[in-house]
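Enquirer: Position chain B against the provided structure of chain A, taking the given hints into account.
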Amino acid sequence: MDLELEKTIEARAAVLRTIKEDLITRLNLAYEPDDLHEDISLLGSGLGLDSLDALEVILGIEHSFGVKIADDNIGILRSINTIADYVMAEKGKNEEVQS
Amino acid sequence: MRVSPIRKLLADRGAVFGERAGVEIPLRFSGADKEYSAVRDAAGLCDFSFMTRCRVPEDGLDVLEQYACGSVANIRFGRVLHTMAVNDDGMLESDVYIANDDENLIMLCESLIDDEAATAVLEGMGASKEGLEDMSESTAVFGLDGLNAWAIARDLFGTDVLGLPYLSIENYELDDVEIKLIRGGKTSEFGYLFIVPVRQAAAIWERIEKAGEPHGLVPVGTEAHSMLRLDGRFFNIYEEGARVSDPLPLGLQWMIDFDGDDFRGKAAILERRTKGLENKIIGVTPSDPGGVLEIGDEIAHRGETVAKVVAATYSPTLKKRIGLALFELPYAYSGLTLEGVDGLLIETISMPPFMPRSLGVKLDEM
Numbered sequence: 000m001d002l003e004l005e006k007t008i009e010a011r012a013a014v015l016r017t018i019k020e021d022l023i024t025r026l027n028l029a030y031e032p033d034d035l036h037e038d039i040s041l042l043g044s045g046l047g048l049d050s051l052d053a054l055e056v057i058l059g060i061e062h063s064f065g066v067k068i069a070d071d072n073i074g075i076l077r078s079i080n081t082i083a084d085y086v087m088a089e090k091g092k093n094e095e096v097q098s
Numbered sequence: 000m001r002v003s004p005i006r007k008l009l010a011d012r013g014a015v016f017g018e019r020a021g022v023e024i025p026l027r028f029s030g031a032d033k034e035y036s037a038v039r040d041a042a043g044l045c046d047f048s049f050m051t052r053c054r055v056p057e058d059g060l061d062v063l064e065q066y067a068c069g070s071v072a073n074i075r076f077g078r079v080l081h082t083m084a085v086n087d088d089g090m091l092e093s094d095v096y097i098a099n100d101d102e103n104l105i106m107l108c109e110s111l112i113d114d115e116a117a118t119a120v121l122e123g124m125g126a127s128k129e130g131l132e133d134m135s136e137s138t139a140v141f142g143l144d145g146l147n148a149w150a151i152a153r154d155l156f157g158t159d160v161l162g163l164p165y166l167s168i169e170n171y172e173l174d175d176v177e178i179k180l181i182r183g184g185k186t187s188e189f190g191y192l193f194i195v196p197v198r199q200a201a202a203i204w205e206r207i208e209k210a211g212e213p214h215g216l217v218p219v220g221t222e223a224h225s226m227l228r229l230d231g232r233f234f235n236i237y238e239e240g241a242r243v244s245d246p247l248p249l250g251l252q253w254m255i256d257f258d259g260d261d262f263r264g265k266a267a268i269l270e271r272r273t274k275g276l277e278n279k280i281i282g283v284t285p286s287d288p289g290g291v292l293e294i295g296d297e298i299a300h301r302g303e304t305v306a307k308v309v310a311a312t313y314s315p316t317l318k319k320r321i322g323l324a325l326f327e328l329p330y331a332y333s334g335l336t337l338e339g340v341d342g343l344l345i346e347t348i349s350m351p352p353f354m355p356r357s358l359g360v361k362l363d364e365m
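Here the protein sequences line up with chains A and B, keeping their order. Going by numbering that gives the first Met the number 0, the first residue of the first sequence is number 0, and it counts up by one from there. Going by numbering that gives the first Met the number 0, the first residue of the second sequence is number 0, and it counts up by one from there.
So that you can see chain A by itself, here it is in the shape it has in the complex (with noise of 0.2 Å):
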């Protein structure tokens, strides 16, 4: 594997980690980080969250990270990909306006 691949997937699965973590114990999910594939849905159909399930997820997010969501962004609560998305980017943001 090249380098460049291996640094992107390092920083993708570092957040993946994060997360995933956070839904366990935030959601007291009976499961290993392991047993949570990246597109599992969140909503509906998968881990089924709900309407308060949502904001606590959406609560560790914004905690783990320092990024905002706003009210209307439900979007990226799709599936653990997504929200990592949305996190990896805004990162991006962030440490572009610093430099």
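Be aware that one or more of the hints could be misleading.
As the list claims (entries may be wrong) - Derived coverage of chain B by chain A (criterion: at least 3 residues anywhere in the stretch with Cβ under 8 Å from a Cβ of chain A; other residues may be distant):
| hint | region |
| --- | --- |
| 1 | 252–266 |
| 2 | 273–279 |
| 3 | 332–341 |
| 4 | 347–356 |
As the list claims (entries may be wrong) - Lysine to any residue pairs mimicking SDA-like chemistry, simulated, CA-CA at most 20 Å apart:
| hint | chain 1 | residue 1 | chain 2 | residue 2 |
| --- | --- | --- | --- | --- |
| 5 | B | 274 | A | 29 |
| 6 | B | 209 | B | 13 |
| 7 | B | 274 | A | 31 |
| 8 | A | 90 | A | 17 |
| 9 | B | 361 | B | 209 |
| 10 | B | 361 | A | 29 |
| 11 | B | 361 | A | 70 |
| 12 | B | 265 | A | 30 |
| 13 | B | 185 | A | 46 |
| 14 | B | 307 | A | 4 |
Hints listed in this document are in silico derivations from the structure and should not be mistaken for laboratory results. Heads up, the beta-carbon is just placed ideally off N, CA and C, and yes, glycines get one too.
Expert: Chain B only, in chain A's frame:
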């Protein structure tokens, strides 16, 4: 081969039929692309009578607990569990809905095995003794899915139906016919399953069609449903399920109650879970929107194969091909660009790849 109780009606609508696990299925009517778009933009009605289905008295739930991987005993009244059944080796056999309907549990299965094999498995678990009743010949099952499906259900049953949560069951009467209505679906749009007595099945289908006319309802087949499931990232046992077979790389752990009672195949699944994953499926698409992506295509990094495509379709919503590939674990991440066939670049993507419009509809404000 088992055929639909409304086969003649479907044929009159132009259905082209196929076969799956010994059961005839309606593949398409006007064409899969058109039917796909009807569901995303309006509504589609599909005959799901190919599903095997049975009823078990509440006190006979032992048989379903042995059969299904999920926590059957914890299904609350009026709710539906989405789970699966596996064989002795812990490999996929059926995608299962189990509904707690008053004094009965109703099970609907999309299976890789035929009716006879499924019956043999259940009989081996004492199904007859527990009062299991096969409903596959006495009922029909219709799936109503789409952005406007809620409005059709409302016009048929009244506004109460809008309060049905996802994965729940309720009994309704329609033209004096008792219908079991499940709010479910695997398209990421609104979805309802109608379980209807076989004698009135054709009349109820036509009644739904009539109610759906002002809402753009069209008959749809299983090919459109396969497309809808893939770009909505709903598990499809007949595509990636049939090709991968092991539920763990498919990411179906959420369907399994690891800590509950034993079920068929549990030991094998637990053994593989303890050993750890070696592969995982991830969404893929060609970098070039006009690029090809077919089942069986290999995906490589620096010339070494790291994945193989196990499901693929054209997505009219994304206007390009999309698929799922079984990746070696170190490469199983979205956001990568890898090598496909003939020098084509393949991107791994997060799924579901778009926000379904139904998710933006607030039924409680209707």
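Enquirer: Confirm or reject each hint.
Expert: Against the structure, the hints:
1. 252–266: Answer holds; 4 residues pass the 8 Å Cβ test.
2. 273–279: This one holds; 3 residues, not fewer than the three required, reach chain A with a Cβ under 8 Å.
3. 332–341: That given contact holds, which follows from 4 residues of the region 332–341 of chain B lying within Cβ reach (below 8 Å) of chain A.
4. 347–356: holds (count 4)
5. B/274 <-> A/29: holds (19 Å)
6. B/209 <-> B/13: This hinted pair holds, its Cα atoms lying about 17 Å apart.
7. B/274 <-> A/31: holds (13 Å)
8. A/90 <-> A/17: Status holds; Cα separation ~14 Å.
9. B/361 <-> B/209: Distance of about 25 Å is beyond 20 Å: violated.
10. B/361 <-> A/29: violated (30 Å)
11. B/361 <-> A/70: Distance ~14 Å between residue 361 of chain B and residue 70 of chain A Cα, so the pair holds.
12. B/265 <-> A/30: Roughly 16 Å between the alpha carbons, so the hint for residue 265 of chain B and residue 30 of chain A holds.
13. B/185 <-> A/46: holds (14 Å)
14. B/307 <-> A/4: Judged against 20 Å, a Cα distance of about 19 Å means the pair holds.
Checked against the numbered hints listed earlier, the structure breaks hints 9 and 10; every other hint is satisfied.
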